[in-house]
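Spelled out from the first residue to the last, the chains are:
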Amino acid sequence: MDSFIPLLVIVPIFCAILLNLCHGKDKLVKLLALIFGITLPITPIFVNYGNHFFGGYSPLFLNSSWATNLPSTITNSILFNFHPAITYVFGGMQQIFIFILGILTFFVIFTSLNESKRASGVYTFLIFMGTAAVTAVFLTDDIFHLYIFFEISVMTQVGIILCSNIQRKHETALKYMFLSNIAAPMLLLGIGLLLGLTGNVNISDIIIAIKTGVVTPDNPVLLMAAALILFGWLYGSGLPPFHSIKSAMYSKATPHAAAILQVFTVFIFVSLGIVIIRIFAFISLLRWIIMIISALAMILGISMAITQHDFKRMIGYLAVGELGYVGLGLAIGTIQSITACLFQAVNEILLTGLLFIGVGTILYKTGTTDTNKLGGMLTENPFVAFIFLLTGFAMAGVPPFNAFQSKLLLIQSALNAGFPELGVLMIILSIVTFMTFVKVFYTVYLKPQPENMKIINKKIPQVTVISMVLLLIVCIMLGLFPNIVTNAFSQFAMGLL
Amino acid sequence: MNLYDLVNDKIKQIQSKTENETVSGVSTASYLASELVVIVSILITSILLRKINPILMIMGILVIFAIILTNMPIMPKLRRAQNDSLNNMMFYALITLALLVSMFYWGVKYV
Amino acid sequence: MISVQLASLLTSGMLIIIGLFAALFLDNIFKKIIGISFITEGVNLFIVTLGYKSDGVVPIFLPGMVKDVFVQNSAYPLPAAMVLTSIVIGASTLAVMLALVIILYQKHGTLSASKLLMDDEEMEAGE
Amino acid sequence: MIVYLLMLIIILGSIITLFQRNLLKAAIISGIPGAALALLYQYLLAPDVALTQAIIGTAILPVFLALTVYKTVRMEA
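Chains as they are written, first to last, in the numbering used here: chain A, 55 to 551; chain B, 81 to 191; chain C, 1256 to 1382; chain D, 1169 to 1245.
Only chain A is shown next, with the shape it has when bound in the complex (with noise of 0.2 Å):
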């Protein structure tokens, strides 16, 4: 049945707003949470595929019935296959990373209500409605749709910004805010001059009009819009210019939070950059820059992410870095190397996903995040530490895990489109991650414990370890078996070109 599609959003509110009211009582709150955690990756599952019309409005061309005693005008115009309803598209890959997401939002929030002492009611609230809205950002083929989402996003992110318990968040948060206010307006200005070229802003019928020539491709006013919206998208997703911005963001938030975080960037960034793929495809232009963005995010990334000496703010400058790749996987634009990106995104939420609970045990018993003051910690916990290593494996590409699988794929699809010289860009660049993992096991476990160092609290939650487990099992299957989800990528991918 069709109409299940829209519950993906519509529970995740739904939670979140019961959340929201019974902020007071601590038992509540944890009980509701856990199970609407449990929800959220099951939603997916049992959603089939399918295009949701909102209101029924299903186009002319799908249920002619209705076409029948209407004015020729509309029949034969191109008016005969417009999407009059807002549609969310719902196929094997979007199940994919919402699944990906509800797993990892499941963990995150096992974590926080664990670690912290009072479950906070508001703190669940802002991450079930920033799931919801980047679940729909997703799904929707509609771009001001996508919009609305996107700001709502942006707030959350903010809100989850301010839960934390770091000084300074509220500079970081305000400086958001401000950069926000700059980059997401010109995003609608660019959907504005998309909407009065082409009269909808239903994105498949974007692209049948400029197909059919209802807008002359080189027009300047569809290159402007171009420009705007890839500007937006810069910014949703932490490309260069908004970089440090976004890895002072994960930096300020609690280290589950930032897990949540890096999340919705990596499903903004997929899914604006999908919707840019498909209606400026024939700018050739617009392939160089994003190629030139990527690549630029992912040298400032982990060039700025070794030299750091507090950890966590070198792991949001990595989750910047590692965007790069994704960026560069959907610039070289051929069938193999979209899936790569697709297949990289997903790999690189877990994994991320993973250092930054992994780091939040070491913020949980030591209290500070500077490298300096840390060391010894091996002896404090060494299995959380096996654990950590294998997940500095993992992202740097060994092989049992699952980055292993999809940086071969992107650096033969690099190779395959006669891009040699980005191929030898990401091997550089992956082993320079490899070595930001090693200065930041080096200087939290292995280098002797310096004596002012004081252990806050003795034990490590065991939820912590036990979703850290679970992740990377998750991360062994996919490595062991990419199968499972580039077969669906690549199905997206065909349909996409």
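Among the hints, erroneous ones may be present.
[Unchecked claim] Result set (PhoX-like, lysine-lysine): computed pairs, CA atoms no more than 25 Å apart in a straight line:
hint, chain 1, residue 1, chain 2, residue 2
1, D, K1239, C, K1370
2, B, K189, B, K92
3, A, K501, B, K92
4, A, K427, A, K501
5, A, K419, A, K512
6, A, K171, A, K513
7, A, K84, A, K419
8, A, K513, A, K427
9, C, K1370, D, K1193
10, A, K171, A, K265
11, A, K81, A, K171
12, A, K419, A, K171
13, D, K1239, C, K1322
14, B, K131, B, K189
15, A, K84, A, K171
16, B, K131, A, K427
17, C, K1370, B, K157
18, A, K513, A, K501
19, A, K265, B, K92
20, A, K84, A, K513
21, A, K512, A, K171
In case anyone wonders, no lab produced these hints; they're calculated from the structure.
Following the hints, put chains B, C and D in place on chain A, whose structure we already have.
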């Protein structure tokens, strides 16, 4: 006075201007690594210009190489350029917006 | 005289430029925020003017009207519907930013952006 | 003719708001371009947007701004 001590003192001298924290072996290695990565990867990405036309690529690489050589310790400049002050970020955001708009407006003919 | 649609497009352009100018060059954070709200209002005005039809009709279909005549000269309702939500979003973003300014004022005691939003390196150098 | 006057009020009103030294005055004056914008929307055949803008632009935003000025400092440093 082998190469490592030379580099170590250079970084100590640079860092004393910005942050005043201990320059351990790890931070020296990471500064060196980031410096090398930035130089190498910018040069490699400039090879991409060959798709537009090879002469542009040769010119590009020479220009970039000259720029890198003149201000050799790039990392301190890069780190200072990416600090978190609001005006700095807004300035770079608007520069990118202007660059994007003008590239799309005029550049489409050439690529 | 230039047409109404062109004039309002120019006004929205002016509003955006004033907003960007204020966001960059004014030091008082309160005025920066007012300037930022002008950018959103400018973009909203731009989108509404896209749907305007000179000497057209308000796109509300009253019972007594003839359908074909109404369709011919009614303004395009889609942009107006879109701008409704985007005005509310602009107001709510402004509210969140003002709340943050109040908290920051209580902590720092000043409204000038450079002292208020001092970033980490300066702060560490300052301590 | 009235439309061009409205547009002029919007542009001049927003410039004057930014040059006020007394922040409370700036908050109140920022209502004038909001009201002019609401009238302009009515002229541009978008009555529902005019209503929303009238409420938000002239009433809600100046109240928010005035509350912030009340909570912080009135005169610009």
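Hint check:
no., hint, verdict
1, K1239(D) with K1370(C), "19 Å, holds"
2, K189(B) with K92(B), "49 Å, violated"
3, K501(A) with K92(B), "21 Å, holds"
4, K427(A) with K501(A), "10 Å, holds"
5, K419(A) with K512(A), "7 Å, holds"
6, K171(A) with K513(A), "14 Å, holds"
7, K84(A) with K419(A), "22 Å, holds"
8, K513(A) with K427(A), "20 Å, holds"
9, K1370(C) with K1193(D), "24 Å, holds"
10, K171(A) with K265(A), "57 Å, violated"
11, K81(A) with K171(A), "11 Å, holds"
12, K419(A) with K171(A), "14 Å, holds"
13, K1239(D) with K1322(C), "55 Å, violated"
14, K131(B) with K189(B), "15 Å, holds"
15, K84(A) with K171(A), "11 Å, holds"
16, K131(B) with K427(A), "49 Å, violated"
17, K1370(C) with K157(B), "23 Å, holds"
18, K513(A) with K501(A), "21 Å, holds"
19, K265(A) with K92(B), "59 Å, violated"
20, K84(A) with K513(A), "21 Å, holds"
21, K512(A) with K171(A), "15 Å, holds"
When held up to the earlier numbered hints, the structure conflicts with 2, 10, 13, 16, 19 and fits the remainder.
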